[in-house]
Every structure is written in C-alpha cells, then in structure tokens.
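Chains A and B, in that order, are what the protein sequence lines are.
Residue numbers for the first sequence follow the numbering used here, so the first one is 1 and each next one is one higher.
Residue numbers for the second sequence follow the numbering used here, so the first one is 1001 and each next one is one higher.
Please keep in mind that the hints were generated in silico from the structure rather than gathered at the bench.
The C-beta atom is built at its ideal place from N, Cα and C for all residues, glycine as well.
Be aware that a few hints might be false.
To be verified - Here are the simulated lysine-lysine pairs, BS3-like style, with alpha carbons at most 25 Å apart:
| hint | chain 1 | residue 1 | chain 2 | residue 2 |
| --- | --- | --- | --- | --- |
| 1 | B | Lys1126 | B | Lys1274 |
| 2 | A | Lys274 | B | Lys1102 |
| 3 | A | Lys36 | A | Lys126 |
| 4 | B | Lys1071 | A | Lys270 |
| 5 | A | Lys71 | B | Lys1270 |
| 6 | B | Lys1243 | B | Lys1270 |
| 7 | A | Lys291 | A | Lys102 |
| 8 | A | Lys102 | B | Lys1126 |
| 9 | A | Lys243 | A | Lys36 |
| 10 | B | Lys1071 | A | Lys36 |
| 11 | B | Lys1126 | A | Lys274 |
What the hints assert, rightly or not - Coverage of chain B stretches by chain A, computed from C-beta distances (three or more under 8 Å per stretch; other residues unrestricted):
| hint | segment |
| --- | --- |
| 12 | 1012–1019 |
| 13 | 1040–1049 |
| 14 | 1084–1098 |
| 15 | 1113–1125 |
| 16 | 1188–1194 |
| 17 | 1233–1245 |
Protein chains: 2
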Amino acid sequence: MVDRGETGLWRYKRLIPSSEEHITLGEGCTPLVEIKDEGIILKLEYFSPTGSFKDRGAAVSVNRARRIGVKSIVEDSSGNAGIAAAAYAARAGIRARIYVPKDAPVAKRVLIRACGADVVECTTRKEASMRAVGELTEEDLYIGHTWDAFYIEGMKTVAFELFERDRIPEAVVAPVASGTLFLGLFKGFTELNEMGFIDRIPTFYAVQGEGCAPIYEAIHGAIQGIKRSSLADGLRIEEPPRKDEILNVIRKTHGDALTVNDDEIVEALKQLYKRGVIVEPTSATAYAAFKKLEGLKDVLIPMTGTGIKTIDRISSIFT
Amino acid sequence: MVDRGETGLWRYKRLIPSSEEHITLGEGCTPLVEIKDEGIILKLEYFSPTGSFKDRGAAVSVNRARRIGVKSIVEDSSGNAGIAAAAYAARAGIRARIYVPKDAPVAKRVLIRACGADVVECTTRKEASMRAVGELTEEDLYIGHTWDAFYIEGMKTVAFELFERDRIPEAVVAPVASGTLFLGLFKGFTELNEMGFIDRIPTFYAVQGEGCAPIYEAIHGAIQGIKRSSLADGLRIEEPPRKDEILNVIRKTHGDALTVNDDEIVEALKQLYKRGVIVEPTSATAYAAFKKLEGLKDVLIPMTGTGIKTIDRISSIFT
C-alpha cells in the first residue's frame, strides 16, 4: 500500500487516482498529538503548505488538472480552500481564478493574490459559487472543493496515515461545512476496510455551529430563532451539495450530528491554546462538541487549520 | 542513529541530551521541496507547531526544563521564539514569562498570551534581554534562545533529516540573527561527519539585512550610512552573543557572509509566493542572497517561518 520512495500523502499514490507524476508543496504526513487523560488524538492538519487541511484536497485536484493539461483552474471559497488552490496552481504553473465573498478576511485575499491568482469579489458566498461555475471558459477547469471528486482523494489519506501509525480511532468528531474532510476520512477508512487492513469503521460525529447546521437539522429537526455562531463562520454552508452522503456516513456508522455555540467554542479554544495547540475557531468546534459527548474514548479530532490566520478574531478572547 | 518508535525530531533522541521522556507538539521532520532548475532544496520549517524553526529549539529546551523539575521558564524575544517557548511551556504544564520589546507585532503578543504566558513589555529588544536575565527568581530557568545550549540541540536535527533523505547539500545559505539555526545546522553536519556518515561539511553562507549586519561587517569591514532593511527586522541583533562561533563556521567551511536590501527581499518574496511557498520576509532574505551568489548548486535554503504571521507587512507588496 505504501510507496516508500515518496513523501507526504504521495506515499499512498497507488491508491490516489491520477497521481503518478506530481508537484508537491510538502502536504500530508501531519503529526499526531495524543492527550491521553482525555482519550483524544489530535491530527495537526495545520502542518501544511498554506495552514489548513484543504491543502490535501487542492494538491490532488490541481495535480490532476496539471496532468490533463489544464491551463487555468477555478475555485470558489471564503478563504482556506482559495489559498490552497492558489498555492498549488502557482507551484504547478497553472493560472488560478478564485471567487470569494466580499466579507472574506483581507488576510486570506492577500495570500491568494500573493500566489499570483486572480481574485473575483462577489456579494455573497452563494454568488461566488454561482459565478465560478457560470463564468467558466474553455481553458478553465472548475475544481470547486465542495464538488470535485479528486479533492476527497486527498482527504482520505488522513485515514491511511492513522493506520500506518497504528492509531485507528473508535470515533471521529469533525467539523462539517461542505464535508470534504468528513467524507474523505470515511472513504479512507472504508478503503482500508475493503483491503482487509481494518475490521471496523469508526463512528462519525459531525459538528456544526448553532444557527447554520443543515446536517444537524436533517437529523434532529429545524431549530428556530437561534443566534448564529460567529466563531463557526468557516462552517457556514447552508446547503452542502453532498448533504445526503454526509447523512449516510452518520447513519452507517451509528454516529450523530451536534451543534456548538460561541461560548462553547471560546472555552474549547482556550483549553487548546493552554496546551500549546494554536488553531482556528473552526477546529475548536470539534473539541467543544467532544466535551459534550460522554463515554467516548480513542477519539480522532482533526485540527483543521492554524490559528495564526485568525489572530484578529481570537485577540479579543485572549486580551 | 534513528529511533523508529519515535516521530518528528525525537527520532534522533539518542543524539539529543536530556530527551529520553518528552512532550511534543509535532515538531521536526519538515518537508523538502526541491526546485531543480535552480539547484535549491527548500526545507519548510513553517510546518511546525507555531509556524517557525524556533519550535525545534524550544521543544528541546523546554523538555529539559521539565525534566529537571523547573516550575517557570523565562525567554526574551521579539516574536517567534517567544511564541515557541510559550506553546511548549503550556504543553509541559510549566509557567512562562516572555520579555518582548514594545514594538513587537501585536499578533505575536496575542499568541504568547493565548498560550497562557505572562508578557513583559520592554522599551527595546536589548532591555528585554537585560530584564529577562536580571529579574530571574529561584523558580525560573532562563532558556534564552541566543544562549541556551539545548536550543541548538533541537536545531541540529535539520541536518539529520537531510541525511536520512540522502540530500546532504553542497552549501547552506541561511539567515543569521543570533545564529541558532546556523550553528545548529553546523553542529548537526559535524556530528554526522564525526560518526562517519558524511565525509564533508557543506559550505556555510550567512545572510543579514543591510544596516544591521554584524557578521558581514566582521568579515568585510563596517559599512556606514546604509539604510536599515525594514523587511529583515527578524534579523536585527546587533551583538549576537555567539558571533565568534558563527564566524568560525564560515571560516572553517570556506563560506562567506552577504547582505540583502529591501528591494532584493521583495523580489525574492514575490518569486517564492509565485511558487506557492508562503514565507515571512526573513526566509526570503536567504533566497535573495542565493540569487547573488554564482555557480552554486545543491544549496539548502531553510524556509524559517510562515508568511501567515506577517500578512500585515507583506500586504502592501502584493496589492
């Protein structure tokens, strides 16, 4: 299963389509930090080229674009996925056009431009998705992370890395917006199971912010009049295109969906930073949800992105 | 030489003093990205817990403090080293007091506080050093990175990682302030040589910003009236405590010292970002210097820290 001459997630290239020859920015093989008294395994996805787990997906999607000779890739994103796409396109020598909502953090737009990509500002996140697809030309390939099948092929390698370290968890508690990491992890464990390496799939818990929780509401019913979590803004996708697939993973693994509010996220952030784990608020949502679940042990919580990108949002919490 | 049951830089713990039992935040084993047409090997040190190479040193220094039962560690820093010390102290359950000059970036102070450390603001960088040492109590251990011998033990593991990947370079071009990475790399290659694993030590080139270049001036004579590089501010140490050792490394390996100015750093930054390598300006100094050297191939350039921490400084370059 492992290609020992390769590094990072390309160690698993035999299991990744269209990956034979590839460019890399060092993605994959992120560290595990175990907090044993709590029974949790943190997978530090902020050890990555642009500071988030999106790099795994962008690496595979952009490499595939390069392989088939595409001249320009198109992505829509409120931040992390846009930076990842721009960085890999830069490394691959491909043009990139990223559609972002106008309320996307300035820092994220600066990074996208710095990598040489064109930034198209849109009124809303939804408009960004619509225009990204609507304005495609013959030279473009749309690699929108919420849709692109190759994106998930990058994400699934997290499961392979856990297997290689002999740390297959009992459960996964992960934030869900469009669900690429959630679905990717499930695909990874499923492939390990099909290849006969593991005999059970972990239980999957999806975490969303209060006020924008389509997965939670599909299971537990709609909630009215709840204030939107502002700290979980990285999870604000009202209609995830792969909602049914996400629900299916929860059902199949006898998992659940949970919501967390800003107070819970703040408390979780504080506890993570007090352990030296510097993450963005979105990563803290999953730790906050884990705290509400009882009796779980051996739980994987992916730390999805660096807190360095979101300093402006966390500074009021810590000063 | 390698402990295969360990991960990150602890794979080399047999060669690191006081490292038998340790806490970790995932430091070490950073990716290599080769740019073959230029003959350079980039070692991506921003794949690290707090986003800079300082994590290697802080990991070893703080673990040693923990091992000998210290209750509180003290560090002085204008940024990266302070964040690294604060994060490892948090993980180790040790108090931390960090002395910073008042012009240190707000973002860096926020991160230090977020990890639960006390921040002591001083008028200048020099005052921070003086007070850090002058105000030590019985409970404190000073782990000042410019002095602490254990810090360099963390840095030397970069050389071991290159050896394990069979990528010992012909030359090293690295930014130098207090010189911990420079001296650590040299120590690592020297130990590899003494153990019989390699038969020559790479040639070492030290890079400094114009206007504050004590190593350059010690070799090439003082330069008067040159404007200070503002982008190389991470390298502003006027009197590095280990200046003689740094000069000795250059002499022994038949290397040299170079300076770069802001225009050269901006150009280098642009070229790195256009390859998807998102670094702070200090990392770009070394790439800028490499561009001025002729005829070198197989050159290691450490990418010392993430550009995400310095967005406010680079945004004017890219917009």
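Status of each hint after checking the structure:
The hinted pair formed by B:Lys1126 and B:Lys1274 fails the criterion: a straight-line CA distance of about 37 Å is larger than 25 Å. The hinted pair formed by A:Lys274 and B:Lys1102 meets the criterion: a straight-line CA distance of about 24 Å does not exceed 25 Å. Between A:Lys36 and A:Lys126 the CA atoms are separated by roughly 41 Å; this puts the pair beyond 25 Å, and the hint is violated. For the suggested pair B:Lys1071 and A:Lys270, the alpha carbons sit about 21 Å apart, so the restraint of at most 25 Å is met.
Between the alpha carbons of A:Lys71 and B:Lys1270 the distance comes to roughly 21 Å, so the proposed pair stays at or under 25 Å and holds. Between B:Lys1243 and B:Lys1270 the alpha-carbon distance is near 31 Å, which puts this suggested pair outside the 25 Å criterion. Straight-line distance between C-alpha atoms of A:Lys291 and A:Lys102 comes to about 34 Å, which puts the hinted pair past the 25 Å bound. For the hint pairing A:Lys102 with B:Lys1126, the CA-to-CA distance comes to about 43 Å; that exceeds 25 Å, so the pair is violated.
Proposed proximity of A:Lys243 and A:Lys36 is contradicted: the alpha carbons are some 33 Å apart, above 25 Å. Among the hinted pairs, B:Lys1071 with A:Lys36 is consistent with the structure: their alpha-carbon atoms are about 22 Å apart, no more than 25 Å. A threshold of 25 Å between alpha carbons decides the hint, and for B:Lys1126 with A:Lys274 the separation of about 29 Å lies outside it, so the pair is violated. Remark: the segment 1012–1019 of chain B is not confirmed as covered by chain A, as 0 of its residues place a Cβ nearer than 8 Å to a Cβ of that chain, below the required three.
Here's how the segment 1040–1049 of chain B fares: 4 of its residues keep a CB closer than 8 Å to some CB of chain A, so the rule of at least three is met and the hint holds. Only when three residues or more bring their CB closer than 8 Å to a CB of chain A does the claim for the segment 1084–1098 of chain B stand; here the count is 6, and the claim holds. Residues of the segment 1113–1125 of chain B lying with their CB closer than 8 Å to a CB of chain A number 4, which satisfies the three-residue condition for coverage. Under a criterion of three residues with beta carbons nearer than 8 Å to beta carbons of chain A, the stated coverage of the segment 1188–1194 of chain B fails, only 0 such residues being counted.
For the segment 1233–1245 of chain B, the assignment as covered by chain A is violated, since 0 residues bring a beta-carbon within under 8 Å of that chain's beta-carbons and 3 are needed.
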